[in-house]
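Whole structure, please, built from the sequences with the hints as guidance.
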Amino acid sequence: MVPLSWYIGLSAIVFVIGMIGFIVRRNIIIMLMSIELMLNSVNISLVAFSHYLQDFRGQVFVIFIITVAAAEAAIGLAILVALFKNKSAVHTDEIMEMKG
Amino acid sequence: MLPILFFLYHAVVIIALSVVIITRRNPVHSVLWMLVLFFHIASLYLFLNAEFLAAVQIILYAGAILVLFLFVIMMLNIKHELNADICIGEWPIGVAIGLSVMTLVILGIGKFSHGPMGQASIEAVKAETHTKALGRVLYMDYLFPFEIASIILLIAIVGAIVLAKKEKASGG
Amino acid sequence: MDNAILIPILPLVAFLINILFGRSYIKNNAHWVAILGVAGSFIIAVQTMLDVMGGRTLNQDVYSWIVSGNFKVSIGFMIDQLTAIMLIVVTSISLLVHIYSVGYMHGDGGYYRFFSYLSLFTFSMLMLVMGNNLLQLYFGWEAVGLCSYFLIGFWFDKKSASDAGKKAFIVNRFGDFGFGLGVMMLFIMLGSLHYTEIFAKLDTLKGQTIAICGMNVDLVTLIALLLFCGAVGKSAQLPLHVWLPDAMEGPTPVSALIHAATMVTAGVFMVARFNPLFSMSETAMNVVALTGGLTSLFAATIALVQNDIKRIVAYSTVSQLGYMFLACGVGAYGAGVFHLYTHAYFKALLFLGAGSVMHAMSGELDIQKMGGLKKHMPVTYWTFLIASFSIAGIPGLAGFFSKDEILWMAYNGGYVGKIVWLIGTLVAAITAFYSFRVIFLAFHGSFRGTHEQEHHLHESPKAMTIPLMILAVGAVAAGWVGIPEVLGGHNGIGHFFEPVLGHPKVSGGHDEEWMVMAISVTGAVLGIALAFLFYVLNPKLPIRMGEIFKGYYQVLWNKYYFDELYDFIIVRPAKWTATAILIGFTDAKIIEGIVNGVPNAIAGFGERLRKLQSGNLQHYAISIAFGLFLILTIAFIAAGK
Amino acid sequence: MNVNLPFPDLAPAMPEIVIISAATIMLLLELFFKNKGVLAFMGIGIAALAMYFVPMSIGDTFNGMFKSDLYSIYFKFIFLLNLMLTIMISLQYMKREKAEYGEYYSLLLFATAGMMLMASAKDLIVLYLGLELMALSTYILAGIKKHDIRSNEAAIKYLLLGGFSSAILLYGISLLYGLTGTTDIYSISVYFKFQGSSLPVVMAMMFITAAFCFKIAAAPFHMWAPDVYEGAPTSVTAFMSIGPKAAGFAVIGRIFYVAFQSLQADWVPVLIGISILTMAVGNILAITQTNIKRMLAYSSIAHAGYMLIGVIVGTSEGLSAMITYLLIYTFMNMGAFAVIILLDRGDEIKDYEGLAKSQPLVAGLMLVFMFSLTGIPPTAGFIGKFNLFMAAVQAGYAWLVIIAVMFSAVSAYYYLRIVMNMYMKDMTEEASITPSPTLALALAITIMMVFAIGIMPSLVIG
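Chains as they are written, first to last, in the numbering used here: chain Z, 2 to 101; chain E, 33 to 204; chain L, 3 to 643; chain R, 14 to 475.
Among the clues, some could well be false.
[Stated by the list, open to error] Covered stretches of chain L, as calculated for chain E (at least 3 residues, CB under 8 Å): (1) 472 to 478; (2) 630 to 640.
[What the hints assert, rightly or not] Non-contacting residues of chain Z with respect to chain L, defined by C-beta distances greater than 10 Å in every case (computed): (3) P4; (4) S89; (5) G101.
[What the hints assert, rightly or not] Taking lysine-lysine pairs in the DSSO-like style, the calculated list, with each CA pair at most 27 Å apart, reads: (6) E/K198 with R/K370; (7) R/K108 with Z/K88; (8) Z/K100 with L/K29; (9) R/K49 with R/K108; (10) L/K507 with L/K208; (11) R/K47 with E/K198; (12) L/K160 with L/K29; (13) R/K111 with Z/K88; (14) L/K203 with L/K507; (15) L/K161 with R/K438.
It is worth saying that the hints were derived from the structure and are not from the lab. Using N, Cα and C, we set each Cβ at its ideal position, and we do this for glycine too.
Next comes the structure, spelled out in C-alpha cells:
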C-alpha cells in the first residue's frame, strides 16, 4: 500500500511547479496552463484523500473543479481573444497600461 | 511492492512532465506534453479506484480544455513567440519563492494525519460500480452544488459570447 | 412646552435653506427666511415661558446618538426657569437684531451669508442653553465660538477684522482648554454628563482631593475653577478679556447679538447652571466674585477715556459681565441672571444705537468727531438716552432693579461680599459717568466732524429704528418683573428662579436695603452730573484733568497695557522662539525637515511603494506567493511556540 | 433501483432562486428588447423582490449545505443593495460607454447570486462554487468594454490572479478535507474542537486565508485591485469594490468564527499583521495617486484593513461592527462612484478642480462622501469607524485601534485633497454632467443613508 503522504507530497510538488510556472512565464497561455496544473495537483490529492478516507466527497469535488476549470479557461481565453483584437499582446509585460 | 513501483513511476513522470510543460518555449509543445500528463494523472486515478474520474479527466480535460487552448494558440502568432523571452526578468525570485513555499508545505504535511473514515469502502463501491455510486452521491447529496455548476457553465458560454463575438456594424 | 424642540430647529432650518440656496436663488431675500425662523422660535419661547411660569418643567433626552457603556452622546432638552429666561433673551434679541440687520447690512455682498450665520448662531446658542447635558453645552459652546469667529471676521478682506477674529479664537482656546478639562474630570469622577445625574452625585465629590505637583487640591474647587476658566474666556473676564473690544471689528448687529446680549453671557449661564457645584466650594465662589468685581472696575475705568463709541460700549459690556459674576460669586445667582436679562436689552440697544450712529456717520466711530447728533437722529438719541439711564441705574428703569439686587446681595455676603459691594457701587458711579460722556459728546454740542459727514447725517431707516424703539421699551420695562419688596413689589423674578438657583440668605433689614439703594443711586446721579459738568458746562475740564492725572490717563488710555503685556510675555516670546529656532536651524534644515519631512517621508515612501506596483501582473503574483510564504512562516512560528 | 429523491425545502434559498432564474430569463429576453434599459429596470425589480424574500428565508436546506441565518441575511441585504445601486448608476453610463449589452445585467445578477451563495454556504464545495460564480461573472464584467484596452487588461489581470488565488484556496480546502474527512464547515469546527491544532491544519488555514485576503484585497494580496478598479468600467468598479469584498468578509467571518473557532491563537496574529499592512499600504499609496478611481481602489484596500479589525477582535460585537461597516461603506463608496459617473470629465483628480464653482450641488455631494470615507461626524463613516474601534477597544485591542486611527488620520489627507481641489482651486474648464433619473435616485439614496446613519446610528447598530 502506498502511503497517503506520498500522494500529498506529489500533489504539493506539482502545485508548486504550477505556481512557479505561473509566476515566471511571460506567456499568458502558459500561465493559464500553469493554473490548470495547480488545479490538477489539487485533484490528485482530493482523489487520494477520497480513496484513503473511503468517502466520495473528494471525488465529487473533483468533478466540480474540472467543471469550473473548463469555464475559467473558456472565459480566460475569450478575454485573451478580446485583448488580442485590440493589441496583439500575449505577454504580461506588454499589458502594463495601468500601474503605480 | 508493485503498487509502490507503479506510484513511483507515475510520480516521477508527472513531476517531470510538469517541469517540461512550464519550460517549453513553444506553447503548442506545452499543450501536447500536458496531454501526456493528463493521461498519466488519469491512470493514477484508476489506481485510486476512481474510474469515472479517470474517464472525465481524459474526456473533459484532454478532449475539451486542451483543444480549446490549442485553438487559441493557433490564432496567435507563434513565430513571434519563438523569439521572445520565455520568462520575466525576475524569474530567480519567483523560483526562490516557489521553492520556499514548497519547503514549508513539505514541512507542514510531514505531520499529516488524515481524518475519520467514511462509509464508501472499496468493497462497497465495487459491489455497486464506481460510476453508479458516484452518481448517486452527486445527484442526491450534491444536487445543489451540481445546479450551481450548471450556472457556472452557462456563465462561461455567455462570457465567451459577449467577449469574443464579432460586433454588428451598428455596434449594439 | 411640547413644541420646545422647534425653538432651535427653526433657525437651523433657516440656516440650511439660506446656505444651500442663498447664493443662487434667495439672494437679497435671505432675511425673510431667517426672520421667519427666529420669529417662530420667539413665539414658541414665549409659550414655553408661560408654561414654565405655570410650573411645568421638562428634562428629557430627545435622541441618543451614541451609547457605549457609560458614555452617552445624546441630544436632550432641559427646560426650567433658567432656560426659559435665556430662551426669551436669546430669541427676542436675535429677532430684533435680524430685523435691524435688514437695514444695516443692506447691499452688502455677503447678505445671504450674513443671515445664514446669524441663524446658525441662534441655533447654536439655543442648543447651548437648552441642553440637558454637558456635552451638548460644550458643543454649543464651541459652535457659538465658531460662529462668532466667522462673524467677527465677516469682512475678511479687512485685515483688522480677520486679525480680531483670530485673536478671539486664540484667546478663547485658553479658556476652553480649562473648560474641556473640567468636563472630562466631571465625567471621569461621576460617570455621567447629564446635569441631573451630575447634581445628584455631587455629594460623592465632597472632601475628595487630588494631588497636583505635590499639593492636595480640593476636587470640587478644582473642577469648579476649571469650568470657570471657560466662563472667563467666553465672557471676557480678566485676564482673558482682551478679545472682546477687538471683536467690535465685526458688523454692529453681530456685536449687539453676540458680544453683548447672548454669547458672552454663556459663561454666566454656565456658572448659574452649575450653581450646586460652585456653591460647594467657598474658594471657587470667592474667586468668581473677585474676578467679577475686579473686571467690572477695571473695564469701567478703561471705558472712561476711550473715544471709539463701540469700544466704550464693549468695555461697558465687560464691566457689566463682571457684575453678573460678582453676583454669582456671592451666591446670588438669581440676581446675576436677572442682570443678564435686563442687560441684554439695554446693552443691545446701546450697540444698535451705536450702529445707527455709525450708519449716519459713514462708519466714523470716534466720539470726539461727533456732536450734536440729537437733532439729526432723534429716535436714535432718545433710545440711546433711555439705555444710558438704564445702565446708569436710574430708579424705575430695568438696569436699576437688577443692579440694585446685585449690590444688595453683595452687601449681605460676608467680607468678600462687602469688598465687592464697595467695588460695585464705585463701578455704578463710573458707569453713569462714561455712559453720559458718550451721550454728551456724541449727541449734544456742535458737530465736530467733516462737512461731508455733516451733510450726510440722517436718521436710520425704519428697519433699524423700530428695533431700537422696541428695545427701549425693554430697557425700561424689563426690570419690572423684579421689583424688590422694599419698593412695594414682590421680587417676582427672584421667586421664579428659586427652584433652580436657590435664594441666598439675607441678613440685613429694610433700612440697610434702603441705604444700599440710596448710595448707588446717589453715585449714579453724581456720575451723570459730573459728566454734565465735564462735557457740557466746562468742556476744557477734561483736558485739564487729563494733564493733571497724566500718568493714570495714559494707563487707562492704553487699557492697562494688557495687550502690550500679552504681546511681551506671550506673543513675542512665541514669535521669538519660533524665529530663533528657525534661523538657528535653517542650515541644519531641522525645522524644515520636521515640518515638511513627515508628509514628504510618507509620500516618498509611497512613491517607492508605487514602484512595486509595476503594472506587470506577474509581479503581483510574486507578491501573492510571497505573502503566502510570509503568513505560512508567521503561522508556523506562532504554532511552534 | 428505486431512488427516492426528497424534494428539498426551497424557502431558505428563495432569494437566490429568484435572482438566478430571473438572470436566466433576462438572458433570453435580451434577444427581444432593443432597449436594454428595460432589463435594467427589471434587474432593480428583481433585486427588490429578492430583498423582500431575504428576511423570511431562515433555515437550512439542501442536505445542510445551505444555511440561511441572521448572519447571511445581513450580508445578502448588502449584496442586493449593492446590486440595485450598481444597476441604477450603470444605466446611463453603459450607454455612454457604448457597452450596452443586455448580458451585463444578467451577469450582475449572477455575480450577486454567487455572493449570496458564499454568505450562505455551509459546505466548502458550495462555498467554492459560489465564489467561482461570483468571480467568473466579475471577470467578464470587468472586461465588458471589450474595445477598450484598459478594460481588457483589467479583465485578464483579474482573471489570471483570481484563478491563481482560487487554486491556492482549493489546495487549502483539499488539505482541510484530508485532515477532517468532511467539507461541512460545522463538522470541521467540531472536529477541531477535539483534535486541536497541528502544523498541517495551520497550513491549510493559511492557504485559505491567503485566498480570501485576495478577494477582499488585503495586502500583500491586494496588488490586483488598483489596476483592475482603474481599468474596469466605473460602474463595475463600484460593484466590485463592494460586492466581492463583502462576500470575502462573509466567508472569512463564517470560516474563522465557525470552522477555525478553536484555533484562534493561530490565525489572530496573522490577521493582525495583514490588517496593519493593509491599512499602511492602502493609505500610504492612496496619497500618491492622481487618478480618482485608483485612489478609491487604494482607499478600498485601506477600508478592508479597518474591517479586518472587526474579525480580529473575536467577539460578536466585532463581527457585527464589521457588517455595519460594510453596509455603511456600501453607501458611501457607491455614492462616490455615482458622482464620478455623473461627471463627464476624466477620472483624474485634477479634473475636480473648481468643481464647486461650476457644479455646487455635485461638489457638495462629493464633499459629504469624502467626509464620510474619512470618518468625520455626523456622517455614517464616523459611526462605522466608531463602532468598529469601540468593539476593538472593548476586546482589549486598544493598541491596534491607535494604529488604525493614525492611518485614518493619514487618509484625511487624500480624501480632503479632493475636497480642496473642488473648493479651493480655480476651475480650468466648466464641468458638465450627464444626469439621469436612476443615477439621481442612487445619489439620493446614498446621501440620505450616509446622513441618516450618521445622525441615527441606531438604524444599523444593534
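Hint by hint, here is what the structure shows:
1. 472 to 478: violated (count 0)
2. 630 to 640: Coverage by chain E holds here, the residue count being 5 at a Cβ distance below 8 Å.
3. P4: Its Cβ never comes within 10 Å of chain L, the nearest being 23 Å, so this holds.
4. S89: Consistent with the label, Z/S89 stays out of reach of chain L, its closest Cβ about 18 Å off (over 10 Å).
5. G101: Non-interface label fails for Z/G101: nearest chain L Cβ at 5 Å, not farther than 10 Å.
6. E/K198 with R/K370: Given that 27 Å is the threshold and the Cα spacing comes to 44 Å, the pair is violated.
7. R/K108 with Z/K88: holds, 24 Å
8. Z/K100 with L/K29: violated, 48 Å
9. R/K49 with R/K108: Distance ~9 Å between R/K49 and R/K108 Cα, so the pair holds.
10. L/K507 with L/K208: holds, 22 Å
11. R/K47 with E/K198: Answer holds: R/K47 to E/K198 is near 18 Å, not above 27 Å.
12. L/K160 with L/K29: Answer holds: L/K160 to L/K29 is near 23 Å, not above 27 Å.
13. R/K111 with Z/K88: Answer holds: R/K111 to Z/K88 is near 19 Å, not above 27 Å.
14. L/K203 with L/K507: Holds. L/K203 to L/K507 sits at ~25 Å (cutoff 27 Å).
15. L/K161 with R/K438: Answer holds: L/K161 to R/K438 is near 22 Å, not above 27 Å.
In summary, the structure is inconsistent with hints 1, 5, 6 and 8 from the numbered list given earlier, while agreeing with the others.
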